[in-house]
Structure formats: structure tokens, C-alpha cells
Amino acid sequence: MNYIPHTEKDRQEMLKVIGVKSVNELFKDIPASLRPKSFNIPQGKSEFEVMEYLMELSQRNAVSLTNFIGGGFYDHYIPAAVDALASRPEFYTAYTPYQPECSQGWLQAIYEYQTVICELTGLDISNASLYDGGTALYEAAMMAIRLTGRKKIIVDSGVSLIYRAMLYTYTSNLAIEFIETPVVHGQSCREDIYKYLDDKTAAVIVQNPNFFGAIDDFSDIVKEAHKKGALAIASVYPVSLGILKSPGETGFDVATGEGQSLGIPLSFGGPYLGFIAVKKEHMRQMPGRIVGATVDQDGKRGFVLTLQAREQHIRRERATSNICSNEALCALRALIYTCLLGKNGLKDLANLNYQKAEFAKSIFDKIPGVKVKRSSPTFNEFTVELPKNADAVASSMINKGFACGFPLGRFYKGLDNYLLVAVTEKRTKEEIVKLAESLEAELCS
Amino acid sequence: MQLIFEKSRSGRLGFRLPESDVYVFESLPQKYCRKEEARLPEVSELDVVRHFSGLSRLNFSVDTNFYPLGSCTMKYNPKFMEKAASLEGFSLLHPLIPQLSGGGILAQGSLEVLYHMDKLLSEITGMAAFTMQPLAGAHGELTGVMLISAYHKANGSLKKHIIIPDSSHGTNPASAAIAGYDVIVIPTDKEGYLDVQAYKKALSKDTAAVMLTCPDTLGLFNPKIKEIADLAHSAGALMYYDGANLNAIMGKCRPGDIGFDVVHLNLHKTFGTPHGGGGPGAGPVGVSSKLVDFLPISRVMRRDDNTYFLDYQNKKTIGYVAPFYGNFLVILKAYAYILALGKEGLIEVSENAVLSANYCLSRLKDYFEVAFDKICMHECVLSASRQVKYGVHALDISKYLIDKGFHPPTIYFPLIIKEAMMIEPTETESKETLDKFIEVMIEAAKLSKKNPQALNLAPEIMPIKRLDETKAAREPDLRWKP
Numbered sequence: 022m023n024y025i026p027h028t029e030k031d032r033q034e035m036l037k038v039i040g041v042k043s044v045n046e047l048f049k050d051i052p053a054s055l056r057p058k059s060f061n062i063p064q065g066k067s068e069f070e071v072m073e074y075l076m077e078l079s080q081r082n083a084v085s086l087t088n089f090i091g092g093g094f095y096d097h098y099i100p101a102a103v104d105a106l107a108s109r110p111e112f113y114t115a116y117t118p119y120q121p122e123c124s125q126g127w128l129q130a131i132y133e134y135q136t137v138i139c140e141l142t143g144l145d146i147s148n149a150s151l152y153d154g155g156t157a158l159y160e161a162a163m164m165a166i167r168l169t170g171r172k173k174i175i176v177d178s179g180v181s182l183i184y185r186a187m188l189y190t191y192t193s194n195l196a197i198e199f200i201e202t203p204v205v206h207g208q209s210c211r212e213d214i215y216k217y218l219d220d221k222t223a224a225v226i227v228q229n230p231n232f233f234g235a236i237d238d239f240s241d242i243v244k245e246a247h248k249k250g251a252l253a254i255a256s257v258y259p260v261s262l263g264i265l266k267s268p269g270e271t272g273f274d275v276a277t278g279e280g281q282s283l284g285i286p287l288s289f290g291g292p293y294l295g296f297i298a299v300k301k302e303h304m305r306q307m308p309g310r311i312v313g314a315t316v317d318q319d320g321k322r323g324f325v326l327t328l329q330a331r332e333q334h335i336r337r338e339r340a341t342s343n344i345c346s347n348e349a350l351c352a353l354r355a356l357i358y359t360c361l362l363g364k365n366g367l368k369d370l371a372n373l374n375y376q377k378a379e380f381a382k383s384i385f386d387k388i389p390g391v392k393v394k395r396s397s398p399t400f401n402e403f404t405v406e407l408p409k410n411a412d413a414v415a416s417s418m419i420n421k422g423f424a425c426g427f428p429l430g431r432f433y434k435g436l437d438n439y440l441l442v443a444v445t446e447k448r449t450k451e452e453i454v455k456l457a458e459s460l461e462a463e464l465c466s
Numbered sequence: 029m030q031l032i033f034e035k036s037r038s039g040r041l042g043f044r045l046p047e048s049d050v051y052v053f054e055s056l057p058q059k060y061c062r063k064e065e066a067r068l069p070e071v072s073e074l075d076v077v078r079h080f081s082g083l084s085r086l087n088f089s090v091d092t093n094f095y096p097l098g099s100c101t102m103k104y105n106p107k108f109m110e111k112a113a114s115l116e117g118f119s120l121l122h123p124l125i126p127q128l129s130g131g132g133i134l135a136q137g138s139l140e141v142l143y144h145m146d147k148l149l150s151e152i153t154g155m156a157a158f159t160m161q162p163l164a165g166a167h168g169e170l171t172g173v174m175l176i177s178a179y180h181k182a183n184g185s186l187k188k189h190i191i192i193p194d195s196s197h198g199t200n201p202a203s204a205a206i207a208g209y210d211v212i213v214i215p216t217d218k219e220g221y222l223d224v225q226a227y228k229k230a231l232s233k234d235t236a237a238v239m240l241t242c243p244d245t246l247g248l249f250n251p252k253i254k255e256i257a258d259l260a261h262s263a264g265a266l267m268y269y270d271g272a273n274l275n276a277i278m279g280k281c282r283p284g285d286i287g288f289d290v291v292h293l294n295l296h297k298t299f300g301t302p303h304g305g306g307g308p309g310a311g312p313v314g315v316s317s318k319l320v321d322f323l324p325i326s327r328v329m330r331r332d333d334n335t336y337f338l339d340y341q342n343k344k345t346i347g348y349v350a351p352f353y354g355n356f357l358v359i360l361k362a363y364a365y366i367l368a369l370g371k372e373g374l375i376e377v378s379e380n381a382v383l384s385a386n387y388c389l390s391r392l393k394d395y396f397e398v399a400f401d402k403i404c405m406h407e408c409v410l411s412a413s414r415q416v417k418y419g420v421h422a423l424d425i426s427k428y429l430i431d432k433g434f435h436p437p438t439i440y441f442p443l444i445i446k447e448a449m450m451i452e453p454t455e456t457e458s459k460e461t462l463d464k465f466i467e468v469m470i471e472a473a474k475l476s477k478k479n480p481q482a483l484n485l486a487p488e489i490m491p492i493k494r495l496d497e498t499k500a501a502r503e504p505d506l507r508w509k510p
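Protein chains in written order, with this note's numbering: chain Z, 22 to 466; chain P, 29 to 510.
If you're looking for bench data, these hints aren't it; they were derived computationally from the structure.
Be careful, since some hints might not be right.
[As the list claims (entries may be wrong)] Derived DSSO-like pairs (lysine-lysine); straight-line CA-CA distance at most 30 Å:
| # | chain 1 | residue 1 | chain 2 | residue 2 |
| --- | --- | --- | --- | --- |
| 1 | Z | Lys368 | Z | Lys409 |
| 2 | P | Lys63 | Z | Lys58 |
| 3 | P | Lys111 | Z | Lys248 |
| 4 | P | Lys402 | P | Lys477 |
| 5 | P | Lys218 | P | Lys233 |
| 6 | P | Lys228 | Z | Lys58 |
| 7 | Z | Lys42 | P | Lys402 |
| 8 | P | Lys35 | P | Lys493 |
| 9 | Z | Lys49 | P | Lys35 |
| 10 | P | Lys218 | Z | Lys447 |
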């Protein structure tokens, strides 16, 4: 076996030192009655054979479609330097930096990543990352429950249906009351939120831009939530924060989100990157690893895992979360990506996305029978109403080479004719115009 | 090293975006826009490359150093797995594609990977079916505990508590607690096994599950494991298998055959996917037949014509635990690993991992206290308690190892062993490497008598010396500020 270096001679020498005659003797504690009833695994193959097979499999995925599907997961360009640096084995074959003296590279990178997340969200404290945007939102909800001692959470239905489904799964045994409030003309319904908001409410959760692509200024909702002693939590799209008002500026207590758009490939759903940032006063209720700066014996700056008394390996059943590993390598990608773009680059990228989506809207407006929803401003994704079932249209458009958008009827009752269209910086004017032409032809047929 | 923010120079660019090819539209109204800009660094591409190349060199990693971190299975990560994950057919696929009508056909390659992994992991562990969704080991634990509670709920009672040994990973009690259960902790007996008397006493009709690691965190396989499982079942409780230590027993014994009902695996441990500096991992969960109906949706199924589809019909499902189908690229790497090693390869993995751990134990037991002096499985637990009288602790020995180029073992875990040092060499390290490590450990044991200060002051040749962790916790500095 090529990954196991022991030769027969090595094995014999080692067995002799141990004082047993065979490897089998080492397994004597496993009774004969517990030996496998079967172990029907195919025979091993050479690297070449495995790669040929996987190459063939990869070609059975259709990745050549011109992609206008977003839904919280976006097709942005990834600079080559992100892959090159995140592929350094000194990063990816290390583990959680428990031993700071031989892990300063990782620890400093996480400290820098925490800074980037704080800067993007306009909040004070972040951590070394969480699994994905959905689990990050769940951790935020649990934080609010611990901090307020209350058990009611108001969730705007503009929050991704996937994330809401995850929230409900995780809390199914905990007596937490979730109230979903509707989205009206793309915006969170204030009337309903205020109706349910009271001194038993732990948090109000919204998403910006919401699942329909609509942008909102949530300062009014945040203010009302605070009046009742509830936390305000926002799930956000990090690329949009190049131009959109930050959660910190709006007054949110906690911001979470999916970091995939920051240099992480779509990868059929993972690995992704959950991020979280909070106001300083909530620091000790944060889940997950946190890196802090300190000094060594000579007074030199260095970095360590800190505030560990919150965590499962110390506090066990009383920990703030059960999280142990995180998505450090994805966090590193996000850090490298944001450093490459820099202060102005992220702003320009966000603007480019906004402009291209506005262009797409203007073109879609001209297709007979198609209505672009314009009740709210949008960032790089918007909703259109088609004269036909959007799922059927999306399915036919695949044959024309387009993943033209996500049919909202899959997630929302009564929205069968609605399509959610995302336009990133990767989509050219030509592609957008071609999509509109094909869509028009499809709708006429 | 300077922070990347400290290297920033106003006006410097690291990346060029495409020019806009559309006419200019009116900007967003001001009330939606940020006033304070995000102070990201302004650096060139070369600045970024130098910075992160420089940082990477400050880390120990499996590719550069022996990394016997107990319970983490830091084996070598074959390079072709990375190549497989970088194939664009896999990395560029949008996860919503198969959720369009007729979209399943566009993702057949990835769906086949998920389907086969379900079958392979089921066979390796003796379970009926797997969900690939859980994104890490602890996430798998939470999923597993929720499956257990859904099963009990469907049978009339959620039950109240979960039994966990005092030697367990911290994630076990944490996962049980956040899923809504009380935790009953069972002590370890003087043989190093679960105290069966205390266990019997704790077991009741209110027990939802017994969560065990097998072999346990002391590196021991409990010969009474079947009896423990049978007792749980007769009390109406389910058995949960923490798969952190599966590397010890592939082809030697299967959790399903012992009677475990739920299993989580850490693909980043046993199946060779890299640990990524703390993640991403993947924590697929397998269940016995009575729990299959509760598995998360969607599940990947195969039609008679050998095409694959996403199935949402699992009526009693606990719902979604991940946004999509799990950490797909990690699952893909583990799939590649299993295909390459095959049946014989996996068995050899466990045999050689156990051989290496016993070799380390045998050569070191004259120099250090041993938690339990008997044949171990894939890892052994030593203690620095003999060195304490010279003022040397497990921490000091660890720091000495760092100076000698070895990543230290896991220290101070399991919590029940004083001054614990948990060594997991894995099957991919050669005898020469093990011998060098052992020599340094022996040297440290000798030095602790002769010159304990040499250990207390270590490390001396690393970029930094020991850090003031109290200061870090008391005066939290968790981000750069200009």
C-alpha cells in the first residue's frame, strides 16, 4: 500500500518490541462474535484509474450553462492567487492551532479574517468561522435566547427558506416559539412584526438583501426591537456590503451570513463559510473559536486561541455551542479574496454587480408579458413575474444553455410564475441580452 | 510578522475587475448605502502572495512535520484527492441546479458520488443508510441526537437524558445538551473502561441514548461493548457511536454489528481528507434500519435505469441540517480515498495504525506513566505525572517537542488522566519518523530530571516564545484597529 510506509521488516521489528507475535494479537480485545458480518468494499485502484473515473463523473455535471441562479449562493470570479495560496499545504494540512508557537501563521490569518468580518459588518467582534450561513443564523438565534432568557423569535419570511428550515430542525426539542412575518411588495411587513414584538421576544431576524433580492433599511425595525429588549439579527450577503449599509450602521446586534461569495467555489453546496459578528457586549456568548493578540515572554506580539471557557472542550454540556472544528480554510480563502480586492475593489465589485443587474432588469422590462418587480431596490438579484409557470420555463431554458434563474414556486406557495434572477460581474452584456432574447422566444412558443 | 492591514498603502491594487460593459444606472438611494467604508487593506497581488506564503511557513503541518495529535488522526492526505476536488465539473456546480425540474440530470456525476458514499460508508460501519449532510463531526453528533429524539418522539416519549462516559470528547455532552437533553456522566473504572455498575444504575426508561466512542479516548477497545449495548436496548435507549476513532477498527469490527443505532464519521480523520487548519471537515451520519425514515432531506436515490435523483419523500424526516448535500468536495475527496485504498487498503490502515501506536507505547512506557498499561488501539495515552515532581508538565514536554520539529500530542485530554499526553501516530508515518519522535520524548524525560529548566523555557527557536494567555483572555484584542 503506497500510503503506508511499513515494510515487512519494520513490522516484524515493531511487533518484537511490543512483545507480540502478530498484528492480530493487537486486536484480541475485539471478541470473535463482533468481527464484521461483511466488509464488501471494492478492491483498491491506482491513482490513475481513480482519476480517470472521477474525471468522467465530473463531465456528467452540466457546468457549462450560463448561470443566472443565485438564491444566496453566487457565481463570482475567483482570482487565481486565492487558489494558489489556499493550496499551500502548510495551511491545509495543519489542524486547529492549539499550539500557538508552531501555528502563528494560522492564528494571525484568523485574527486578520476576524478583522475583515468586523470591517464588512461594522460590528465589534467575530470568530474563526462557523459551518455555513444557516448554522451561523442558528447560532445567532441561540445567542439571543441565552442573552435575553426569552423564547420567542420573530423571523421575517424574506429570510432564506433553507435557513428557516434549518433553524426549525435544530430547535425542534427546545420550547422556542417562532413567528414568521410576511413580505409584502418585497419588504418586511412592519405591521406584523410590531404586532408580535413584545417583552417576551428574544430576537427579530431579517435578511438583507432578502431572498427576493430586495434591499431594505431596517433601522426602524431594529429600533423597535431594542425598545422591547429584543436583539436584532441580520443575515447578510458579504459582497453586497461593498456598498450597502452595514449591519453595524443599522444598529443590528448580530450579523451572520454565508461567505461563499468571497472566493469560495459553488462546489455543489459545500464546503462553505458561516460568519458571525456581534456587538462587544455579547462577546462571551459567542460560539466557536476566537483568536486574540497577546505578547510572548519577550514582549513580542503573538496570537492565541482565547476566551476558551465558552467552549465545549472546557465547559462540555454548559458550553455556548457544540462546535469544535470550523471552516478555517474557507475563512482563509475569504481573507485572501478580500485582501486582493482591497478597500476600493470590494466597492467596485459591488457596484459592478448592482449595475449589471440593473441593466438586466431594463432588458427584461422589454420582454412582452414579463414584469420586473420594482417595488423595492435590489442589489444583484431580482424577481420577475412570467406569464407562464417559471419552473417549466427554467427547465426549457436549460436546453438553450441557460440556468436562467431560480423558480420561486419551489420554495414559496403562490409564486409559481416568479423567477429569481442573479447577475454577477461574470455575466457580460452579451450574455444578458442573449438570455432575454431566448426567454422571449421561449415565452412566445 | 506585520498584519496585512499594516502593509496597506493607499492607492495600491491587488486585483483588476472587468470594465463595466453596460450603461450607467442611477446609484442606490443614500439611505441604503454605507457611510463608513470597510477598511480592507490596499495591497498588490505580490504583497498578498508574500504575506500568506510567509504566514504559511510559520505553521507546522502534516506535509512538513510529524503531527501525532491524539484523537485527530493527522494522517497524510494524498495529493490526488485535491486534484479531484479541483475538477471544474465538481467545483463549479451550483447546488440549486438539481432542484429545477429536470435538473437532476445535470448533476448526475455529483449525485453518483453521494449515492456511492452512502453505500460504502454503510458497508464499512454496518449501518443501513447514511446522510451526507452534516458538515463536521460535532454537527454529525447534533444530527444524530436529533434523529434519536425524533425516533423516541414517534414512539411516544422524547425521554430525558443521555448517558456519556467521563472520558468522552467535549462535543458529546455539548451536542446532547443543545439538542435538549440532560447529560448523565458515567465514571471510568480502574481498568480504563466504562464503570458498568454506575452505568446500570443510571440507565432507566428516561434514557434516550448512550453515547460512546469505541475504541474510547483512552485508546482502548472495551471487550464488554456488546453487553453495554444490549443493556441500553433493553432499557429502550439507543446507542450512539462517536466515529472519531474509526481508524482503529476498519475491517476488524463494525458499529452496526455491535448494535449501535447511530454513527457519525469524521471524513477528515479516518478517510484522509485534510484538516484545513480547523476545517472544513465532514461528519456523515449512519443509522440502523429503524431510524432510516427520520434521516434529513433530501436523500440521493437511484432509479432502475441507474440515474440518480433527490428524494424529499422521507415522511418522518427531521428536516434540513445543512443547506444542501453536505460538504460535497470533502465527501468527494473521501470517496476518492476509499476507491484508491479499497477493502485490503482500509484493513491495512487500521492494522498499521494500531501497530504504530503500540510501538510508541512500548518504547515510551519505561519513561512516562501510562494511563492503562495494556495493548492499545490506534492511540495511546501517556502521562507526565512522573515528571511533575521536577517541575515539568505535559505542556513543557510539548513545547520541547516543538523546538525539535514535532507537533505535540494532544495534551490534558482525556480530562480524567492527569497530565495526559495522547499520541496518535497514524499508519502513514514511517518507523524512522516514529523512532526519531520517541528519541526526543525519551530525551525530554531524561532532561526533566537533569535540567528541567530546558523544558520550562522551551520553545526557544520558534518565531515566538510562550505567550501570555491570561492577558489574551483578560484584555481581549480580537481584531486589528487602525
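Can you name, in rising order, the numbers of the hints this structure does not satisfy?
1, 2, 3, 9, 10
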